[in-house]
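Protein sequence lines correspond, in order, to chains Z and S. The opening residue of the first sequence carries number 1 in this note's numbering; numbering runs sequentially from there. The opening residue of the second sequence carries number 1001 in this note's numbering; numbering runs sequentially from there.
Honestly, I wouldn't trust all of these hints.
[To be verified] On the chain S side, residues computed to face chain Z include the following (Cβ under 10 Å):
(1) R1088
(2) V1091
(3) M1093
(4) P1096
(5) R1130
(6) A1133
(7) N1138
(8) Y1139
(9) A1141
(10) L1227
(11) A1228
(12) R1231
In short, the hints are calculated from the structure, not lab data. C-beta: ideal position from N, C-alpha, C; glycine also.
The primary structure of each chain is shown beneath.
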Amino acid sequence: MTDQAYNFAYLDEQTKRMIRRAILKGVAIPGYQVPFASREMPMPYGWGTGGVQVSAACLTPSDTFKVIDQGADDTTNAVSIRKFFERTAQVATTEHTAEATVIQTRHRIPEAPLGEDQILVYQVPIPEPLRFLEPRETETRKMHSLEEYGLMHVKLYEDIARHGHIATSYAYPVKVEGRYVMDPSPIPKFDNPKLEMAAIQLFGAGREQRIYAIPPYTRVVSLDFEDHPFDPSKADHPCDLCGADHTYLDEVIVDDAGGRMFVCSDTDYCAGRQAAGHRGRLSEEDAA
Amino acid sequence: MTETMHSEVAHRADERAPAPLLSVRDIRKTYGSYVGCTDVSFDLYPGEVMGIVGESGSGKSTLLNCLAGHLAPDRGEVLFDTRAEGPRDTVTMSEPERRMLSRTDWAFVHQNPRDGLRMGVSAGGNVGERLMAVGARNYGAIRESATDWLGRVEIADTRIDDRPSAFSGGMQQRLQIARNLVTGPRLVFMDEPTGGLDVSVQARLLDLMRGLVREMGLSAIIVTHDLAVVRLLAHRLMVMKSGHVVEAGLTDQVLDDPQHAYTQLLVSSVLQV
């Protein structure tokens, strides 16, 4: 019965309107962090309160919703957010990337290319790319407004000085449409080239109360040095289940003797490939 | 010997009469009813080092911060001879332009190196920051000039990847100087650059700064309460008291023949060892 007491998609209409305004502003100024009056959500900060609010503002009754957490559809965070919108919005949900119209994601971009009719919503823990270099919010805002981004390269410099290469492997800073430097949320840098896509990308940070966006086909450049160019690296293995050598992989320890397997982090993509007959190193043993 | 050198430089500057690098007109800054500094005017010529001395609370740091754009003066003009457009009033200049100046043609050396350094970033990164801020994007080149500058301020190049927190006070101050001078500024503001250092380290730092100022042809404004510092570094001297300039002139002239009662007091207060 309490299910019926909620407005469509949990938030009241005035709140959704406020969030949509922030989203529109974000789309109009690609990469710019728009402050918004983030609400308390029935989940702890850090579990995707920002992403959930953006999804709630985007969903319509005819949408099909998908949630991924580190690429997987079946982890706690993904399952609970999917159930949340099943109950509060009664929208159709799916695990298939191609069928979804709104996809909320944490830490990954799906392997399958997204289309113009899709919206990708990111959960963002810390939206400010300069935060750990410059703790003052007043100063980082000024740096954004005056386009003073030298400090971002200091971080990359420190990486090379310490590790011999740019060791930042996730939340790799990007410059959007030649203007704003943006934190793409903690996606692996392997996903950075995919940020130039046909779908709208919306980023919601609940605790930090910021929304930003990348409109379709926007130029997104990963920062680097001339002599240390950006490298979207991944584990140097094929997937042990589907044999794909072009996907981002999770390393899974399988026994106490140092045995390990590499599997696609995008579970839907991996399952689709296996259904299409692709096999990896360990899949025959499973079948046998 | 130093005395003749100083007056010679000052004279040469006068003879050639080039445009002043910095021209300060009638600066006034108040904090409510309390006067920080008032009626300050002077010209600073290229290659000239100007000392500002006075007791604590005399308004010398207020003045320096007004000149460097950290504080907005209530009145007055600070005309800086920019490379591109000639003399511009930095008080009315837009903030992006002023910030651009402060990371290219200007440098600011803080009394406490912690204010001027990024303590969580390695020495090399600290020196390289200004280069990256003006668009350097080649790691090898940045690294090379960082190494070069650490050498020039006598920091061993093996320390390039150490954080400033692992450095002694004197090394931190030298690192701060390197970080400021790496983009080849024309005007350096120094706020008590030797404060808090022991005398032997002070002596080395002064020696280093004197070398750099002469070698790079820098102009500098040095705020200090230490008369020995201005005696060594400054060509000209301004003495401040209660927000006013009470005496100004060539350094040795002011120090050896003080006219104003406060300057006389100041000079006679120096302990002789």
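Now for the hints, and whether the structure bears them out:
At about 18 Å, the closest approach between the beta carbon of S:R1088 and any beta carbon in chain Z exceeds 10 Å, and the interface hint on this residue is violated. The interface hint given for S:V1091 is broken, as the beta carbon of that residue sits about 18 Å from the closest beta carbon of chain Z, more than 10 Å. Taking 10 Å as the C-beta cut-off, the interface hint given for S:M1093 is violated, the closest approach to chain Z being about 13 Å. Of the supplied interface hints, the one on S:P1096 holds, with its beta-carbon coming within about 5 Å of a beta-carbon of chain Z, less than 10 Å.
Against a cut-off of 10 Å between C-beta atoms, the interface hint on S:R1130 holds, since the closest Cβ of chain Z lies about 8 Å away. A distance limit of 10 Å between C-beta atoms decides the matter here; for S:A1133 the minimum to chain Z is near 3 Å, and the interface restraint holds. This hint holds: S:N1138 has a C-beta 5 Å from the nearest C-beta of chain Z, less than the 10 Å allowed. At its closest, the beta carbon of S:Y1139 sits 4 Å from a beta carbon of chain Z; the interface hint therefore holds under the 10 Å criterion.
The restraint placing S:A1141 at the interface with chain Z holds, with a minimum CB-CB distance near 8 Å, inside the 10 Å limit. Among the interface hints, the one on S:L1227 is violated; its C-beta lies about 36 Å from the nearest C-beta in chain Z, farther than the 10 Å criterion. For S:A1228, the suggested interface contact is broken, since its CB lies about 36 Å from the closest CB of chain Z, more than 10 Å. Hint status for S:R1231: violated, given a least beta-carbon distance of 37 Å to chain Z, over 10 Å.
In summary, the structure is inconsistent with hints 1, 2, 3, 10, 11, 12 from the numbered list given earlier, while agreeing with the others.
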